Amino acid sequence: MIDKRKNIADIYTLSPLQEGILFHTLLSPHSGVYQPQVCLTLVGSLDISRFKQAWETIIARHQLFRVSFHWEKRDRPFQAVYRQVNLPWEEQDWRDISLDKQEQKLAEFLEVDRKRDFDLKKPPQMRLTLIHCPDNRYYFLWTQHHLIIDGWSSGLVVKEVFQAYNGKIELSYTRPYGDYIGWLKQQDKTTAKAFWKKELTGFTTPTNWGIENNKPILLENISQAEQEICLSENITTNLKSLAQQQEITLNTLIRGALGLLISYYSGEQDIVFGATCSGRAGTLEGLNSMVGLFINTLPVRIKVPPQQNLVSWLKELQTQQGKTSQYEYVSLLEIQENSDLATGTSLFDTILVFENYPVDLSVAQTTQSLTIDSVKSTEWTSLPLTILVAGTRELSIKIKYHCHRFSDGDIDRLLNNFQNILTKIIEDPKQQLWELSENIGNAESTGNVEILDSLLPQLFQKQVEKTPDNIAVIFEEESLTYEQLNKKANQVAHHLQKLGVKPETLVGICLQRSLEIVIAILAILKVGGAYVPIDPNHPLERINFILEDAQISILLTNQDFPNCPVKTLINLQTNYFQSYPEQNTNPTPELSLDNSIYALYTSGSTGNPKAVINTHRGLLNRLNWMQKAYELTPDDRVLQKTPYTFDVSVWEFLWTLLNGTCLVIAKPDGHQDSAYLASLIIEQNITTVHFVPSMLQVFLEEQKASQCNSLKRVICSGEALSVDLRNRFFQTIKAELNNLYGPTEAAIDVTACTCQTDDLSVPIGLPIDNIQVYVLNAQLQLLPVGVVGELYLGGEGLARGYLNKPDLTAENFVPNPFKAGARLYRTGDLVRYQEDGNVEYVGRIDNQVKIRGVRLELGEIEAILSQHPDIIACVVLAKEFAPGDRRLLAYIQTSQTEDISEELRQFLGERIPNYGIPSVFITLESFPLTNNGKLNTKALLALNYSSKKEIISPRNETETAIMEIWKEILKVDNLSIDDNFFELGGNSLIATRVNSRLRQSFSLDLPLRTLFEKPTIASLAQRIDVIQLSVQPAATPIDSTKQRKEIEI
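With the first letter of the sequence shown counted as 1, position 815 gets the number 815 in my numbering; the numbers rise by one all the way through.
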């Protein structure tokens, strides 16, 4: 038996990439991610003894086939080179398995073999398996750990093995890998780090594709897949010719195309992705023939100025690539630490591998009696997306991806779009960059039907003739039939006509919720005017602003206004209708579809509200669709509870009255009283009601909500509807739930979705009739399925614009680049297409925040937090406590009486990255709402909350021991047990050191990922205590100053 220590030939440190791979292997030890496989199909007469001898020769020839790795009790890990190791040889006999079943069995065998761990402390870090098949066929599997070899080296080794097997060529001397490690130590790290710092200056936010699911998952639980597309020989030849003509490499051209694709998907003009470099560009003699791990993964930063010429841009990339190649020996960890990204934030999640490995050369190096029928290489990485480009006559683009992050459809479209961009590059290299990604996305969603020629007053009058005696409207103890309502509306209408009201005249209404509101609206519409609703509860200053801004000369009201700027006040009290004779005749104004019908004031960025002017065309289109979709009948009853200054009230009033249905009006302020609403729905047999989601949340908590059995349909809009709230609705109410979306600038609603209980999300749906929905980037280019972009709307529903604000109208209503003479409204909402064509709401453009340099969508965090079983409702907001100190705050309603903040942090930590976990969880009994029933975020942010950091001292021996280790390794003082390891400057290498110390201190086999799952002293101590109790009596922490200093192999 060989003495272990005498068998050690050399010891040296790891290369930068080896350190990174070692860290990820320790973090997820059973994932099989860094275990590439080379599978050869051999046909013919194989001399197995000679084949084994060939492999023994190669193992003796190259150091890294004889190394072990060690990391504990050392500041830096090291590798030990053994003089001799046993050949890791296995054989299997499949000769009784038919050929048609062998392929499936091989795939299963490869998967099992890939997940067989290597013992990193015992060489060799590879294994060889020969599988005997019928008819002199063999599968030969060479499984390696990526710590010892890269793809280029694999090709060299396969070639050398068959040279040794054939005995034709005397293998020349090759330098040991230790020489390369020594060469690395001699390089100028200071200059290199300064270069990379400058290269990445100002880059603070990692680039996302925009189609990912960012839910965290343990590496060993990740399911991976791959898809591939082959470019034709003609496209490949043209790409190579273009590169040659412009004096750039094909690699640069491919990098540029990928940069354009990522920029197109992400909407960013400054992007970073990873790329592998061979690591063989150094000055070390004999480097190209050495075997080992030389490649490195480096960031590629590409800026995409839309107006720049393609060729000049590619030449700049070529120059940039030449500069970075001088410093490709720096580790990614060191580069990241010198960047402007927040600690713990990855530079990239996508890597490009441009393969030119000589692996296929080995096919020709066989004998006449033995041939290699095929060579297949497989490898996975820890990154979610790896793009491999390879081939000679026909380039192939293969994407390997994590299935929990990307769908198969996402990758299929991504591959096709990559090919589209490459094709467009060939077609016209003189194009500007923005033109290369033009029109490679989705066409818009749309639906087209003819709009009725009849106008709203005529349609109402026809309904009066059909159902004159039906109850049209009920308010508390009062009611009116359709005929009575029509007569009263005519009374006011003729009065207005005498006062000069005609099409395009704006008439104000300032009334509490009542029968008179309905009469007033109908009266104004009957003479062709447009109504302007004003909330009587608003401050007088705001009321006067609206009256003056809209130049209103006639105001319908039932109260006095001191110093009112309006010329004529019409007080619609009971005696008004007694003072004027009833009118049976209906006014007949000269009205068109393009005349204005109402002007609704919405919040303005200047502090003063702005009025949106909508037309008969837009509203009729909306109401016609709604009737076709939901088929309201005279037997239905619609609850009118929305404040009439909010556009939902328009359909509550008019859709109901155009279809012979009874409108039940809630009392003033009743829309905020859930108990009253439940009672009213039950008493009046309401079938149709609208809720803003935040009010629906409150309503469902009402005891009587489950007794509202008359409800047929509930319509939600105004806010995002969460999956949790949808599920709670179906558990409480047996009715249809519809999620509608639309801005005031597009006639109430433009998309609709009927909710289903088993859907994974609640989309805003498909476009209604005659509405076009576009998802566009900043250059107004169509985006593909899954990519988040801004929602633009076109079609019949668009408002005319903003009253007396031509500049604002021009800013938000822009020319439609897809239809000459048409307009688009830019909503400011972020959405994406789902694969079934539905549109999914993501959030507001202005609701994106950056925390520690990472862009976050608050709605995504809310959606995940709401999935916790104890959360009734939640809101996540960002608040700045000091310049540069912005934090996430979660406002929650829970079903628990005790504090569940730590439980929620753990819940979120299993689903989203750490930077998306709120700093503070604030429990409230209820959320403040605005008058319209929407969430009042300003009131939430105004709640008193102390931002002062409290230092919490250790409470037990475990916390004390952990804190001492952190202080020593992180070089920090004044720690608190709730401090986050990564926010204190911890990184992957430091985590490895800390974990090693923890394992020694507590005599515990502690997985490296524990520190990532429990990054605070308190949570980590709790986990360690649990582990100790499960395996042994509690151990006394070892004094960290008394550790052994000698190297142990």
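Think of the hints as simulated: they come from the structure by calculation, not from any bench.
It should be emphasised that the depicted structure is a prediction, and the values quoted were computed from it without experimental measurement.
Mixed in with the good hints, there may be bad ones.
Claimed, not checked - Below, a list of computed lysine-lysine pairs in the DSSO-like style, where the Cα atoms sit at most 27 Å apart: (1) Lys197 with Lys323; (2) Lys115 with Lys52; (3) Lys73 with Lys121.
For each hint, the structure was consulted:
1. Lys197 with Lys323: holds, 13 Å
2. Lys115 with Lys52: This hinted pair holds, its Cα atoms lying about 24 Å apart.
3. Lys73 with Lys121: Holds, at roughly 14 Å.
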